[in-house]
Amino acid sequence: MSIKINRRELMLTSAGAALSSLLFPGAAFAAYPTRNINWILMWRAGGGADTATRIFLKYAEKMLGKKVIVQNITGGGGAIGYTAAKSAKPDGYTLVTIQGDLPKFEPKALAPIKIDDFDIAAAFAFQSPVVVVRADAPWKSLEDFVKDMKDNPGKRTIGISDIGGTYHQPTALWADAAGFKLKAVTFPGSPQQAVALLGGHVDATVTWVKPNIPYVKEGKLKFLGYMGSKRLDDYPDVPTLSEVGYDVVWEHPYGIGGPKGMPKEALVALEETAKKVWEVPEFQAELDKLGLTVMRKGSADYRAHMHKMQSDMTKALKLIQG
Amino acid sequence: MEIAFEALGILLSPQHLLLLVAAVVAGLTVGAVPGMTSTMAIGLLVPLTFATSKYVAFILLLGIYCGAIYGGAITAILMNLPGTPTAAITAIEGYPMTRKGEGGKAIGIATLSSTLGGLVSCVFLIFLSLPLANIAILFGPTEYFALGTFALAVVMALSGRSVLKGLVSTALGVLFATVGIDMIAQSPRFTFGVTELLIGIPAVPAIIGLFCVSEAFRMAENVTVTGAVQKTAGGFRTAYKMLPKLWVTISKSSLIGTFIGVLPGIGALMASYLSYAEAKRVSKTPEQFGKGAPEGVCASESANNAVTGGALVPMLALGIPGDTNTLMILGAMIVHGLVPGPTLFREEPSLVYVIFGAVVLSNLLILPLGLSLARHIAKFALIDRKYLMPTVAVLAITGASIGYGHIYYFWISIIFGLIGYLLQKGDFPLLPIAMALILEPLIERNFRSSLMLPDAGLEMFLSRPITLICIVMAVLVIWFGIRRERRLAADVEIVRS
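Taken in sequence, the protein lines are chains V and A.
Per the working numbering, the first sequence runs over residues -11 to 310.
Per the working numbering, the second sequence runs over residues 2 to 498.
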């Protein structure tokens, strides 16, 4: 009985799809989506990845014409969510946030999760870490700070989150490129890093831009260098690390994907949707409020970005482990 | 002043006021249902606030928060089923009072204490947000390590009858807390190659398992036993009459609760416990504790509601959540593009005042709503245990776990229910396990961060005043615990001979 209904639904759907492509020859992707989409998010509701994804979906839903139901499957540093996503049916109706922590699982041997377990549709946002010091610190520039660290090996400390984590990796690459010995101290996250810096418990932090903005505005902290490929719009005086001569670009991205083997039409439809969302001014404004920037990378570019991140991570982890 | 009036206007507009009343009632109910925690309710509601105005979002979340912290007391007192982890302390005295037929009086005391405790903390929230924030900056990794150690030493030495059994429970809790991904080096620890174990032991399902699922197992043991729960009508007014006797406990516990709330990572559970221990310490009749001492209920409830205002201080002033609930509320702040900290006070003063007002009003609403609703919730207590037991088991197992989206969390609730059941049979205290699950990450993280500092060494823990004070207090607490145990043992010897 249930098979019959399924078959009838299937016939109706494909008939509808055939009809719509007959009626609207221009709408090549009308066949996807035909029903609501499930979305797996590996971080908790209300967190950074969750917020970024939900803002993107607010605009993407309107364009796709179907609801997207987000499920937060958390834990294991994202391993549980990614594992659930990669073993889901690759029919285009279970999608997942593909973000900057996906490449970490292989080099860290955390869980059997590979970049190529997923079909990647597009990116939609990124953020880059920034080097922060106290406003009254003696260093005027990144070069000053690096020189001082070289003159006083092991005396200057940089606050990061976890060892081998999001901030530690680019910091280790920077230390390698600049030739100073890194003395890192760990904190739970950006707010704690900022407070530790203000309290004089560390000399600098490498962290997200957003949580430090109020202190910079008050003249308590200052930015020395930004790890993105281009300068920040709001802080045009802060140079990027590569401008100063340290070859480090670290853009932590957020994007869309699904389990490997998704229908081509679904992937293309999602990539096209993302391309349209990138250009919505309200979307850009909402990202800006969170300290994020639009990342215009389609399927192939974003996959390449992930692989580049993985090789950078592998290098950084080797440096960190000595 | 103009801003304060503007905020008052926003808060008292009909739809906002109605929302706050609904939120407090919802919080009360959620808090009272064992296995449903305020953290979970707030966590589930945060996505709902994405589309609302920032005022609606925080009125809703803060109403739920304050209501739920109190609501846990209702079922803790009437059924020995702490609706929230912190209400476990309330149950120690509240439930024996119910068994003596003083359930109504206990609820009255709990409600009055909660309201007063909450209001005291609001005074601190409003007048000390900015100045208190400066104190927190003095806390570096070594200070937090020492503070966490002191807190753990307190539960280890004082929560059971035996320090040794407390030590076993604490060690078990610390061991459980280390399972999962190492929070500093991000490598798997005690996972034996099982991907799910990377999750570690999630504190909320484990704590609900320890306190609530184990209760369902205990109920199953004697389903036929009835009469333990009594009608609670009447007796509410006696609470007011007891106020002259209780005000010292209330004010002291409110201060402890506010202080614990301000300190990050230490939540309502610790506040309740410390206040309870303090009330017991200064009591002229300490032998009454454990048998239904009203001061115990009063201390626990005024302290845990005082945490609400306290925990908001560092969240608003610095963006550091004081507990898991404010962590969730912080998430909602970021969604609304608000950056907590001095900027918030400067750029969103009306919102800051609405937040102050919402916490004050929520705590005030607890009094009429709590007193009138506790009777209705009390009716659940009269349900036959054979209906209650499966309900409690299902709610406790699913309630804490359902939001995570993975079957692993359900197993945690069940397994910790069994662990809690067995340990209690062996007279091992459960509180140190729950506390270690929460404090171990704080202690370990800050200890290891301390060792990364350039001047790392033993003298670092002795040369910093706040660190040294905490460590000395930890040692004193353990010494005190051992002495107390010896004295108890000696008393037993005398009675025997």
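No wet-lab data here; the hints were simulated from the structure.
It cannot be assumed that every hint is accurate.
[As the list claims (entries may be wrong)] Simulated crosslink set (DSSO-like; lysine-lysine; CA at most 30 Å straight-line): (1) V:Lys46 <-> V:Lys252; (2) V:Lys208 <-> A:Lys387; (3) V:Lys277 <-> A:Lys55; (4) V:Lys54 <-> V:Lys218; (5) V:Lys50 <-> A:Lys55; (6) V:Lys208 <-> V:Lys96; (7) V:Lys55 <-> A:Lys55; (8) A:Lys166 <-> V:Lys205; (9) V:Lys205 <-> V:Lys218; (10) A:Lys166 <-> V:Lys198; (11) V:Lys77 <-> V:Lys102; (12) A:Lys55 <-> A:Lys166.
[Unchecked claim] Not close to chain A: a few residues of chain V, all C-beta gaps over 12 Å, as computed: (13) Asn24; (14) Lys54; (15) Tyr70; (16) Asp79; (17) Ala99; (18) Asp132; (19) Lys143; (20) Asp150; (21) His156; (22) Asp191; (23) Arg219; (24) Leu220; (25) Asp225; (26) Val232; (27) Glu259.
The beta carbon of each residue, even a glycine, is placed where N, CA and C say it ideally should be.
Hint-by-hint comparison with the structure:
no.: 1; hint: V:Lys46 <-> V:Lys252; verdict: holds, 24 Å
no.: 2; hint: V:Lys208 <-> A:Lys387; verdict: violated, 62 Å
no.: 3; hint: V:Lys277 <-> A:Lys55; verdict: holds, 14 Å
no.: 4; hint: V:Lys54 <-> V:Lys218; verdict: violated, 35 Å
no.: 5; hint: V:Lys50 <-> A:Lys55; verdict: holds, 24 Å
no.: 6; hint: V:Lys208 <-> V:Lys96; verdict: violated, 36 Å
no.: 7; hint: V:Lys55 <-> A:Lys55; verdict: holds, 24 Å
no.: 8; hint: A:Lys166 <-> V:Lys205; verdict: violated, 53 Å
no.: 9; hint: V:Lys205 <-> V:Lys218; verdict: holds, 21 Å
no.: 10; hint: A:Lys166 <-> V:Lys198; verdict: violated, 47 Å
no.: 11; hint: V:Lys77 <-> V:Lys102; verdict: holds, 17 Å
no.: 12; hint: A:Lys55 <-> A:Lys166; verdict: violated, 48 Å
no.: 13; hint: Asn24; verdict: holds, 17 Å
no.: 14; hint: Lys54; verdict: holds, 18 Å
no.: 15; hint: Tyr70; verdict: violated, 10 Å
no.: 16; hint: Asp79; verdict: holds, 20 Å
no.: 17; hint: Ala99; verdict: violated, 5 Å
no.: 18; hint: Asp132; verdict: holds, 19 Å
no.: 19; hint: Lys143; verdict: violated, 6 Å
no.: 20; hint: Asp150; verdict: violated, 5 Å
no.: 21; hint: His156; verdict: violated, 9 Å
no.: 22; hint: Asp191; verdict: violated, 9 Å
no.: 23; hint: Arg219; verdict: holds, 21 Å
no.: 24; hint: Leu220; verdict: holds, 16 Å
no.: 25; hint: Asp225; verdict: holds, 20 Å
no.: 26; hint: Val232; verdict: holds, 25 Å
no.: 27; hint: Glu259; verdict: holds, 25 Å
Comparing the model with each earlier hint shows violations of hints 2, 4, 6, 8, 10, 12, 15, 17, 19, 20, 21, 22; every other hint is respected.
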